[in-house]
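Enquirer: These are the residues of each chain, in order.
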Amino acid sequence: MRGYLLRRLLQAVVVLWAAFTVSFVVLYLLPGDSLSIRLGGLEGTATPAQIDAVRAEYGLDDPLYLQYAHALGDALGGDLGRSAQTGAPVVRTIADALPQTLALTGCAMVLAVLGGGAVALAATFTRVRALRQVLLSLPAIGISMPGFWVGLLLVQVVSFQWGLLPAMGNEGFESLVLPAITMALPAGAMIAQVLAKSLTTELAEPYVETARAKGAGRVRIHLRHALRNASLPALTLAAVVAGNLLMESVVVETVFSRAGVGRLTAAAVDTQDLAVVQGVVLLAAVVFVVVALVVDLLYPLLDPRVGRTV
Amino acid sequence: MSGGLVRGGRARRSERAVGVVPAVAGASAKAPGAAGVAGASSTPGASGGSGASSVAPTEAPLLDVRGLRVSYRTSNGSVDAVTAADVSVLPGEVVAVVGESGSGKSTTAHAIVGLLPAGGRVGAGRVLFEDRDLLGLRERDLRAVRGRSIGLIPQDPMVSLNPVRRIGDQVAEALIVHGLASGKEAAERAVAALDEAGLPEPALRARQFPHELSGGMCQRVLIAIALACRPKLVIADEPTSALDVTVQRHILDHIEELTHAHGTAMLLITHDLGVAADRARRVVVMSRGEVVEQGPAERVLTDPEHPYTRRLIAAAPSLTGRRVRPRPVRDPVPRTEPLLTVTGLVKEFALPRTKEGPRTLRAVDDVSFTVRRGETFALVGESGSGKSTTVRMILGLEAPTEGRVLIEGRDVTRPGRAEARALRRRMQLVYQNPYASLDPRFTVSEIVEEPLRAYRVGTRAEQRARAAALIDQVALPADVLRRKPAELSGGQRQRVAIARALALEPDLVVCDEPVSALDVSVQAQILDLLSRLREELGVSYLFISHDLAVVRQIADRVGVLRAGRLVEKGACEQVLAAPTHPYTRELIAAIPGRRRPRPLGAVS
Numbered sequence: 001m002r003g004y005l006l007r008r009l010l011q012a013v014v015v016l017w018a019a020f021t022v023s024f025v026v027l028y029l030l031p032g033d034s035l036s037i038r039l040g041g042l043e044g045t046a047t048p049a050q051i052d053a054v055r056a057e058y059g060l061d062d063p064l065y066l067q068y069a070h071a072l073g074d075a076l077g078g079d080l081g082r083s084a085q086t087g088a089p090v091v092r093t094i095a096d097a098l099p100q101t102l103a104l105t106g107c108a109m110v111l112a113v114l115g116g117g118a119v120a121l122a123a124t125f126t127r128v129r130a131l132r133q134v135l136l137s138l139p140a141i142g143i144s145m146p147g148f149w150v151g152l153l154l155v156q157v158v159s160f161q162w163g164l165l166p167a168m169g170n171e172g173f174e175s176l177v178l179p180a181i182t183m184a185l186p187a188g189a190m191i192a193q194v195l196a197k198s199l200t201t202e203l204a205e206p207y208v209e210t211a212r213a214k215g216a217g218r219v220r221i222h223l224r225h226a227l228r229n230a231s232l233p234a235l236t237l238a239a240v241v242a243g244n245l246l247m248e249s250v251v252v253e254t255v256f257s258r259a260g261v262g263r264l265t266a267a268a269v270d271t272q273d274l275a276v277v278q279g280v281v282l283l284a285a286v287v288f289v290v291v292a293l294v295v296d297l298l299y300p301l302l303d304p305r306v307g308r309t310v
Numbered sequence: 001m002s003g004g005l006v007r008g009g010r011a012r013r014s015e016r017a018v019g020v021v022p023a024v025a026g027a028s029a030k031a032p033g034a035a036g037v038a039g040a041s042s043t044p045g046a047s048g049g050s051g052a053s054s055v056a057p058t059e060a061p062l063l064d065v066r067g068l069r070v071s072y073r074t075s076n077g078s079v080d081a082v083t084a085a086d087v088s089v090l091p092g093e094v095v096a097v098v099g100e101s102g103s104g105k106s107t108t109a110h111a112i113v114g115l116l117p118a119g120g121r122v123g124a125g126r127v128l129f130e131d132r133d134l135l136g137l138r139e140r141d142l143r144a145v146r147g148r149s150i151g152l153i154p155q156d157p158m159v160s161l162n163p164v165r166r167i168g169d170q171v172a173e174a175l176i177v178h179g180l181a182s183g184k185e186a187a188e189r190a191v192a193a194l195d196e197a198g199l200p201e202p203a204l205r206a207r208q209f210p211h212e213l214s215g216g217m218c219q220r221v222l223i224a225i226a227l228a229c230r231p232k233l234v235i236a237d238e239p240t241s242a243l244d245v246t247v248q249r250h251i252l253d254h255i256e257e258l259t260h261a262h263g264t265a266m267l268l269i270t271h272d273l274g275v276a277a278d279r280a281r282r283v284v285v286m287s288r289g290e291v292v293e294q295g296p297a298e299r300v301l302t303d304p305e306h307p308y309t310r311r312l313i314a315a316a317p318s319l320t321g322r323r324v325r326p327r328p329v330r331d332p333v334p335r336t337e338p339l340l341t342v343t344g345l346v347k348e349f350a351l352p353r354t355k356e357g358p359r360t361l362r363a364v365d366d367v368s369f370t371v372r373r374g375e376t377f378a379l380v381g382e383s384g385s386g387k388s389t390t391v392r393m394i395l396g397l398e399a400p401t402e403g404r405v406l407i408e409g410r411d412v413t414r415p416g417r418a419e420a421r422a423l424r425r426r427m428q429l430v431y432q433n434p435y436a437s438l439d440p441r442f443t444v445s446e447i448v449e450e451p452l453r454a455y456r457v458g459t460r461a462e463q464r465a466r467a468a469a470l471i472d473q474v475a476l477p478a479d480v481l482r483r484k485p486a487e488l489s490g491g492q493r494q495r496v497a498i499a500r501a502l503a504l505e506p507d508l509v510v511c512d513e514p515v516s517a518l519d520v521s522v523q524a525q526i527l528d529l530l531s532r533l534r535e536e537l538g539v540s541y542l543f544i545s546h547d548l549a550v551v552r553q554i555a556d557r558v559g560v561l562r563a564g565r566l567v568e569k570g571a572c573e574q575v576l577a578a579p580t581h582p583y584t585r586e587l588i589a590a591i592p593g594r595r596r597p598r599p600l601g602a603v604s
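So the protein lines, in turn, are chains B and R.
Quick note: the first sequence uses the UniProt record's numbering, first residue 1, plus one each step.
Quick note: the second sequence uses the UniProt record's numbering, first residue 1, plus one each step.
In isolation and in its complexed conformation, chain R is listed as follows (with noise of 0.2 Å):
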């Protein structure tokens, strides 16, 4: 098993291809050739669709690459990661490519500029770059190329600037390696970049290090790194899938313009189906290393051909407006209590000390919601909205600075040891990580009879039956009893985390952003299984959530937390419908795949 897998998050190290998917690249529709540098806009008002592909291209492609193939050296032999990918750039156009980690989609952009992972090696295939096969090229000469033809945004903004050297530095080194501006001359036009990429106050962030700016900032100074050059090419990849959703919008938007303004082609690599449909002109998506599917965004989108395509936009939260919850629940009479009455709850935090005195910061600020038996609440908010806090707080971990936390009117924030172990028995917990939440060491087995073992509950042999009952419940095969985490895949991992939760059989499970670091068709297998637990057992959800998309599909009612206020809460439908704060409508506006006509995804 390779390493990869242990990492957080998307483990896009570990990308291998099994299988073969039948290629339909063969038929490369070429997009409208009409399209002038000036004129390369993506605006997806543009009716362009089903005639494009009858259009012979009257330019010559940007980027052409033919028959990649790339493996990658492991323990166990050499995994080939890139089958076969065929994709063409024109001058001024958009192309998104699109596929679920593993697809090849980033190590297929990576090969293009030579920057592949170490172990990783081109086996075969060609890459046109202004009429020049860029895997012929030497190192010194593919150098030239780099940054100053073809400039890349990374996926991770937090940790793809160095975390030493001063920002202003950072952009003007673009400049220096490539002779285009040296000394007093490349500090003003690193700081005219930043401008440019949309940072506030420019001059004072040059000077500033990386630790000091936001997920967002940093994303747009690597902006302004990849486009210094003015490069013909711009490779963007996953630009914004680690940034909060309204921040992603904007820095999308903003990438747009730059590109549109100085005639820059990009390659978009996205997992996210929506963005794909909002930013390209045309769309490419990949599965297992190959290309399955390619031609203009409005057609692949509406009209899949190949079998994948339409389960990726089956699956894709943000295209569908489908939901998995079952009926809303309808007591018929409604219950005395709520399961959980959360009331003016209140979290400070102290900062360090200033001339001005003690400061605090108040991360939670008079959180009040219910949730009722049998319900699900979503708490949907940004990164510091407070929503962890809150759950922290809940959940007993952290103790609140004013207000209550009550379990059918017993109070869960200021109780005696015996009691809030029995608490804590009937709330649950769903990571957001299963790479991370599940210890490597133990068997499945042991992991979902933990919980059963802490509460001596049942001899060995009742533990053991009752784990092999829960991964039955949760739809997993019972060799997996026997297994260690490492063998498993990110939904199957959160299907065991699930298990583990439900062991106890608690009235309340917190799902803390559980499907967030899983890819979208997996997303949906999930929820769905939360949804199918949730009327079979009875039990209520706390869903906590930055993706409205994801919040849409499962919860019946919503609170909108921001900078630790509740600003909204309300039946799902009814925010979602018509969001009463300015800032949920910004939540709102910030799904991708709105920018469509037409709503996405009638697939039959």
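Excised from the complex, chain B in its bound form (with noise of 0.2 Å):
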């Protein structure tokens, strides 16, 4: 198991590193002036000396390499440079806004899971057609529509009309609701129809027979024999689905006026501060490569045929 567990943060550390290059020679090799990009956007009010103290902090005259072992150096160190708008370290700015983003995706997961799975099972589990195909037809829909347009809907009915719950901010649970319904949607709509596809072929298996012979109930053959079974493609998909959360919050969070980590990528992209790009990019390496270990974990404990390869 440690073994395991030391060759799994190994490949983390591997694909960390591969985020950085990439991102670094996107973001700074690309033809450009670099240091135009460095000073963000403003070249034309920057005095020379402020010009001349950009140039010494980044290096800009030194050969590429140089500039990359640098910059490769200072990352290890947990220095990602300093925000071009703002001055302060990304680090610092990415980590002030990581708590609101995180509580977002992660209510929009849990609601994603739950909706995705009660449509999933009920869809399979009736036995009355009309309402079989109307919640089987359910996770198209929900997949086909933009989060940017629900969002705005949500905001105009709930918020504007019935004057529920708050359209915008970051005040408390009830700003948390709708952008977190908005973001859910999708991401639930893709796990019920990957769901609901694996309940339908594992009810059709022949343990499922097996099991309607020793005279087992309708629910119990669903929940304890379909189920954990069907539940292997699915978790696949929702650790895809939970690392989308992160992009899905550059929208979200535009639409709603949340601050985190999805306006703070918005607005760097907006203005080219190319430091905290590339730090977002390496969060979210860091987020796929977490959700694939827990996912990796997970599944010997649901299925013992996937033997962990110790």
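Calculated directly from the structure, the hints in this document are not laboratory data.
Do not rely on the hints blindly, as some may be mistaken.
If you want the ones that stay clear, here's a sample from chain R, every Cβ over 10 Å from chain B, calculated [unchecked claim]:
id: 1; residue: R66
id: 2; residue: G77
id: 3; residue: R143
id: 4; residue: A144
id: 5; residue: L152
id: 6; residue: A186
id: 7; residue: A192
id: 8; residue: F209
id: 9; residue: P338
id: 10; residue: R359
id: 11; residue: G403
id: 12; residue: A422
id: 13; residue: L476
id: 14; residue: P506
id: 15; residue: Q525
id: 16; residue: R585
Partial chain R-side listing against chain B, Cβ under 8 Å, derived [to be verified]:
id: 17; residue: L161
id: 18; residue: P163
id: 19; residue: E173
Computed spacing ranges between beta-carbons, pair by pair [to be verified]:
id: 20; chain 1: B; residue 1: V22; chain 2: R; residue 2: A422; range: 32 to 40 Å
id: 21; chain 1: R; residue 1: L397; chain 2: B; residue 2: V290; range: 41 to 49 Å
id: 22; chain 1: R; residue 1: A203; chain 2: B; residue 2: A204; range: 27 to 35 Å
id: 23; chain 1: R; residue 1: E402; chain 2: B; residue 2: G217; range: 55 to 63 Å
id: 24; chain 1: B; residue 1: G106; chain 2: R; residue 2: E402; range: 54 to 62 Å
id: 25; chain 1: B; residue 1: L223; chain 2: R; residue 2: R230; range: 25 to 33 Å
id: 26; chain 1: R; residue 1: E212; chain 2: B; residue 2: L297; range: 53 to 61 Å
Where is the CB? At the ideal position from N, CA and C, for every residue including glycine.
Take each chain as given, in its own frame, and dock them per the hints.
Expert: If you want it as structure tokens, here you go:
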């Protein structure tokens, strides 16, 4: 077990290094004046002294490999540079925004899993054909609705017309509800789609017949036999969905005017604040690595046939 | 075409009934009435035979199926799978339902307990069980019958257990859902049930998962589940057809013992007349959805009334000593060298490392044999015996760890590329499963032409003509050339596969279980065809099989593989008549149909 975790940790380091390198290449070495990029669009107002200071700080006159080595060394020490906009360290900027986004994506994920799971279970359990058809068409609708549109609609109806929940801001749990629902809709729809499909497959497996021949009831067969087998593909998808929620937060936090990593990303891209953009890229890599590890550790618990490659 | 045909093996979902066969079901002869619950043994020695039908039944039947009619909804409308099934089982009695795929035997069994697959519907009939019509019961009441009063032993043990739940929990569930036990008591009774079903170390097994058990062990678990609640009737749906022959016999023995001990009646669904002959007191023969004949086993099997039964008996490899191979090759002058020489073949596979260091599995262990020109050599073994690995090495698909494979003196194990291609042309393969080995998008003509195209033999027109000639040679009508495999039956597909194997005029055709996925009557036809082709073309066969009954019909010489070692080899008659190795004796004893006192199938 320890050897396994150690190997996974090593893999994570490699992934992070690759993410850093790729983002460095893409962001700083692409055609364009790296000085003006470093200045974040301020070159018109910057004094020559300021420009020289930036030059010196980033070693822009050094050869590329030295610039890269320098940046990598700093990154290893936990320093991803400073935001060109605010001058604050990137790491602190992101760390400040992260809790808000984690609360939002966490809520959205819980909603997506519960909602998607419920729809899938109900659709495969009901014997009323019409109801089944309606339930099975929900995921397609959920996936095809764009997030910003759903968000605006919710704000319009729930906040403005009914005056129930705040339309924007970060204040308290109420402000979390609408954006979380907005994010959860497409995520839950995908989970529902995959879970319903694999539940249908599992319910046709011979072991289900064995359970029926024992005299087991439908609820027992659904929950105790089919669901656990069907949850494996859904779990894989949920991991991808969880990683995507970070990207989703860019749209949703903007629509609901919430502070968070998404807003930060949008602003950084807008102002070409590349140090922050690179920080967000690395954060995304960390999120994916962690989620993948969690899923891989969950697999053997769900399915004894998946041996941990220790 | 229904999707069921694409499934491997015996596609039981695609059952269909076409045409009408007159039913002889009216005069359903009852078995000897004296059978009390304890005395319900179906020991074949008891010669109840001919006089039995005159004895009036003294007991009301436990199960009485009358005029059952089942249809499946398909995309082309409704198809009848069972049109007229009448079956009755007395308390403690063993009744076998025999038929080929599509006969509706499995559908009948499932309809009894209301477990038809999706789309199945009972159109008419009654299923009286303990004087209640099960067809009229609500789902809730039917659930109380399933498992509690009627147990079901399913067909394929490897997929019939839930892979993510522990064995013990799955057995205990049968007791729990009927409120017979709960918690710790249920767990303890589950272990006891596993013990009773003949599973060694039941307490340990109860904590394991299905994938950690062999097929035979899984089937014992399913037997434990079916018998846990002490039902009055057990429906065994081909309980051993997915298992090795020696395991088959032990499992059937055990089911017999247990049902006998508890006075449980059994409805045994099987395609194997030999099994029915060994186990059942009464036999019900089904064909195309109808019961065509039923009566005491002895009578039905020795003096069948219906032509279909006669055909079935004549084709059953386990019942008849029939040989389809031509005269044994009597080489006037023994050829100087054999076609295929295998010497000291060894294959080791690396296993995951443990603390003791690296481990290897010796899948094939020092195997040597020869195949002469025009000869059929059969390799017999059960799963895991190394027969597939041996074949893969002979065909050059796997590199041997040690040993050599020579085709007329040329080593095929370490050839150059061009040479390997030339050698491969001389050896062709017929696979086990004709449902999977033919590309569904090709026409039959394209399938047979493909090897010719791969080796650039002849022009397009010549290739097409050759394909047509081959199709004719395997006795298929010319119009199949334009059809796709999905439109053909299993036997027809296997003929196409044989035609493809013969396209390049190989010296050696390796037949890997070529008939084990086919019905018995089709099996016999394919064996006939192989034998005729050998005479016409002078090819040699390396015949791989688990079934000595099939091998007996076609092989000149036999090699018996066990755990990678060739434990016995010799002329077919000699090995079967006077086996020297205990394992060979066990294999021969496992052929069903041998418990009958006198040979069956004396059909004129």
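Enquirer: So, for every hint listed, does it hold in this structure?
Expert: Structure-based check of all given hints:
| no. | hint | in the structure |
| --- | --- | --- |
| 1 | R66 | holds (23 Å) |
| 2 | G77 | holds (19 Å) |
| 3 | R143 | violated (5 Å) |
| 4 | A144 | violated (7 Å) |
| 5 | L152 | violated (4 Å) |
| 6 | A186 | holds (12 Å) |
| 7 | A192 | holds (17 Å) |
| 8 | F209 | violated (4 Å) |
| 9 | P338 | holds (45 Å) |
| 10 | R359 | holds (16 Å) |
| 11 | G403 | holds (32 Å) |
| 12 | A422 | holds (41 Å) |
| 13 | L476 | holds (34 Å) |
| 14 | P506 | holds (39 Å) |
| 15 | Q525 | holds (30 Å) |
| 16 | R585 | holds (34 Å) |
| 17 | L161 | holds (6 Å) |
| 18 | P163 | holds (6 Å) |
| 19 | E173 | holds (6 Å) |
| 20 | B:V22 to R:A422: 32 to 40 Å | violated (49 Å) |
| 21 | R:L397 to B:V290: 41 to 49 Å | holds (43 Å) |
| 22 | R:A203 to B:A204: 27 to 35 Å | holds (33 Å) |
| 23 | R:E402 to B:G217: 55 to 63 Å | holds (58 Å) |
| 24 | B:G106 to R:E402: 54 to 62 Å | holds (59 Å) |
| 25 | B:L223 to R:R230: 25 to 33 Å | holds (28 Å) |
| 26 | R:E212 to B:L297: 53 to 61 Å | violated (21 Å) |
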